[in-house]
Amino acid sequence: MSSRLRDYLAVTAGLVCIWQLAATLIADPMLPGPVAVFQSIVTEWRSGALLHHLGVTLRRVTIAFVCAMILGTLLGWVMGRSLRANRLLDPLLLLFLNLPALVVIILLYVWMGLVEAAAVLAVIVNKVPNVAATIREGARSLDPQLEEMAEAYRFTRWQRIRDLWLPQLFPYLMASMRTGLALIWKIVLVVELLGRSDGVGFQLHLAFQLFDVTSILAYSFSFIAIVQLIEWGVLQPLEKRARRWQGEMQHA
Amino acid sequence: MLELELEEKGYDQRLLGNLNLQISAGDRLALVGPSGCGKTTLLNIIGGLDRAFKGQRRLADPEPKIAYMFQEPRLLPWRTVEQNLRMVCSCRNQALDLLDEVELLDAACRYPRELSLGMARRVALARALALEPDLLLLDEPLVSLDPSTALRMLRLVEKLLRKRPKMALVLVSHNPDDADRIGAQLLQFDTVTGEVLLPNNEKTASAGQLLV
Numbered sequence: 001m002s003s004r005l006r007d008y009l010a011v012t013a014g015l016v017c018i019w020q021l022a023a024t025l026i027a028d029p030m031l032p033g034p035v036a037v038f039q040s041i042v043t044e045w046r047s048g049a050l051l052h053h054l055g056v057t058l059r060r061v062t063i064a065f066v067c068a069m070i071l072g073t074l075l076g077w078v079m080g081r082s083l084r085a086n087r088l089l090d091p092l093l094l095l096f097l098n099l100p101a102l103v104v105i106i107l108l109y110v111w112m113g114l115v116e117a118a119a120v121l122a123v124i125v126n127k128v129p130n131v132a133a134t135i136r137e138g139a140r141s142l143d144p145q146l147e148e149m150a151e152a153y154r155f156t157r158w159q160r161i162r163d164l165w166l167p168q169l170f171p172y173l174m175a176s177m178r179t180g181l182a183l184i185w186k187i188v189l190v191v192e193l194l195g196r197s198d199g200v201g202f203q204l205h206l207a208f209q210l211f212d213v214t215s216i217l218a219y220s221f222s223f224i225a226i227v228q229l230i231e232w233g234v235l236q237p238l239e240k241r242a243r244r245w246q247g248e249m250q251h252a
Numbered sequence: 001m002l003e004l005e006l007e008e009k010g011y012d013q014r015l016l017g018n019l020n021l022q023i024s025a026g027d028r029l030a031l032v033g034p035s036g037c038g039k040t041t042l043l044n045i046i047g048g049l050d051r052a053f054k055g056q057r058r059l060a061d062p063e064p065k066i067a068y069m070f071q072e073p074r075l076l077p078w079r080t081v082e083q084n085l086r087m088v089c090s091c092r093n094q095a096l097d098l099l100d101e102v103e104l105l106d107a108a109c110r111y112p113r114e115l116s117l118g119m120a121r122r123v124a125l126a127r128a129l130a131l132e133p134d135l136l137l138l139d140e141p142l143v144s145l146d147p148s149t150a151l152r153m154l155r156l157v158e159k160l161l162r163k164r165p166k167m168a169l170v171l172v173s174h175n176p177d178d179a180d181r182i183g184a185q186l187l188q189f190d191t192v193t194g195e196v197l198l199p200n201n202e203k204t205a206s207a208g209q210l211l212v
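Going down the list, the sequences are from chains A and B. With full-length UniProt numbering applied, the first sequence covers 1 to 252. With full-length UniProt numbering applied, the second sequence covers 1 to 212.
Next up, chain A with everything else stripped away, as it sits in the complex:
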């Protein structure tokens, strides 16, 4: 077992112990212990409800994530590369960066009705400005010497994208993917709570009305686990592969 995994397990086990201890001492249904929450997860899993709602939320997160990353990257790229585009779009970017997520969600629901498209669009609108702002920094920091080299050796457009720009943008893409995943799934829950009849957010809404803290924790932890799996299974291997050229990666 790697020392990293051992540390991770030790911290997790420690937190669970403290949680159990607190729950036992307080002995109130408003703070269920880890065992009760785990039992709730198993019950919900058996009934099929957990899987269904997790699946629905995950689908919304995926669609919103992919769209927001693509749109935000294109927007950030254009703003980072062209002074004029930046001048024209910067006030708009600032406006959307500071527009509360809740306002966007409510407005889109009012304008489009309580439909799936409005829900996903609201999440995308919330995330695109963050991606754009990060990628813009990346696009501004491209190495001019390599740019000149690519010019001198007449790199094709495709070569420039794949071999020159993407590797330089990679840390910025990675940063916006990390914060993006975290932000998007939180916003998706709000969107579901306000206007959808399925998904983790909707279940939290039901549990909230019943003051069912056990279900709230069961659904939350289930989704956190999924996000953690995406981090381990997708983002970290991707990062490791892309950073091979730097040699030994420093573990964060």
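No lab work stands behind these hints, which were simulated from the structure alone. Wrong hints could be hidden among the right ones.
With beta-carbon atoms standing in for the labels, derived distance ranges [unchecked claim]:
hint : chain 1 : residue 1 : chain 2 : residue 2 : range
1    : B       : R113      : A       : D90       : 19 to 27 Å
2    : A       : L99       : B       : L59       : 50 to 58 Å
3    : B       : P62       : A       : N98       : 37 to 45 Å
4    : A       : I161      : B       : L59       : 26 to 34 Å
5    : A       : R87       : B       : P176      : 46 to 54 Å
6    : B       : P62       : A       : D143      : 51 to 59 Å
7    : A       : L238      : B       : Q185      : 49 to 57 Å
8    : B       : D180      : A       : L235      : 55 to 63 Å
For clarity, every value in this text was computed on a predicted model and none was experimentally measured. Where is the CB? At the ideal position from N, CA and C, for every residue including glycine.
Mind docking chain B on chain A? Use the hints.
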């Protein structure tokens, strides 16, 4: 293959101008002078990287292929040595042959950060040759190398030039001996064409003309 009539080019508050240059197949020309005298600026103009100057740059038809080896190796750090070469030539065998020629075949799979400066320069040289250029531009290929590495690099350039007698070369160097060694004609900025270098306010200087 290339004709340059440079009337005026301002850089760093100085002026380069009144220069005619013709480069034909097999020519070997060295731009020699102290640092900051405009050698690299002129090389950029010859190479077509810098088009903001007064004058004319004419290329023969069909257009000659020009390869530029920069003073910094400028390799893509996230690509291996072989991949860096194959950005320029698509054929694997050609890339490996060139690496063999610059004596770096065993470094094909290494990343640029694993190379010394001398090795990285040789990779950059191989990449320039991978273009199969009609005109090769070398910007200070020996600068900041230790004497033995510099000598090795110089011998390598000599060898590669012997193998490619039709390829024209423009070398930028601050050391006239290097230029002599590969048999290049000198365009000495400070002495031969004193008029090449002018302070910015003296725009009426006489022509320092040089035909190669």
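Hint check:
1. B:R113 to A:D90: 19 to 27 Å: violated (36 Å)
2. A:L99 to B:L59: 50 to 58 Å: holds (54 Å)
3. B:P62 to A:N98: 37 to 45 Å: violated (57 Å)
4. A:I161 to B:L59: 26 to 34 Å: With Cβ atoms ~28 Å apart, the hint holds.
5. A:R87 to B:P176: 46 to 54 Å: holds (50 Å)
6. B:P62 to A:D143: 51 to 59 Å: Because 32 Å falls outside the window, the suggested range is violated.
7. A:L238 to B:Q185: 49 to 57 Å: The hint (49 to 57 Å, Cβ to Cβ) holds, given that A:L238 and B:Q185 are roughly 53 Å apart.
8. B:D180 to A:L235: 55 to 63 Å: holds (57 Å)
When the structure is compared with the earlier hints, violations turn up for hints 1, 3 and 6 and for no others.
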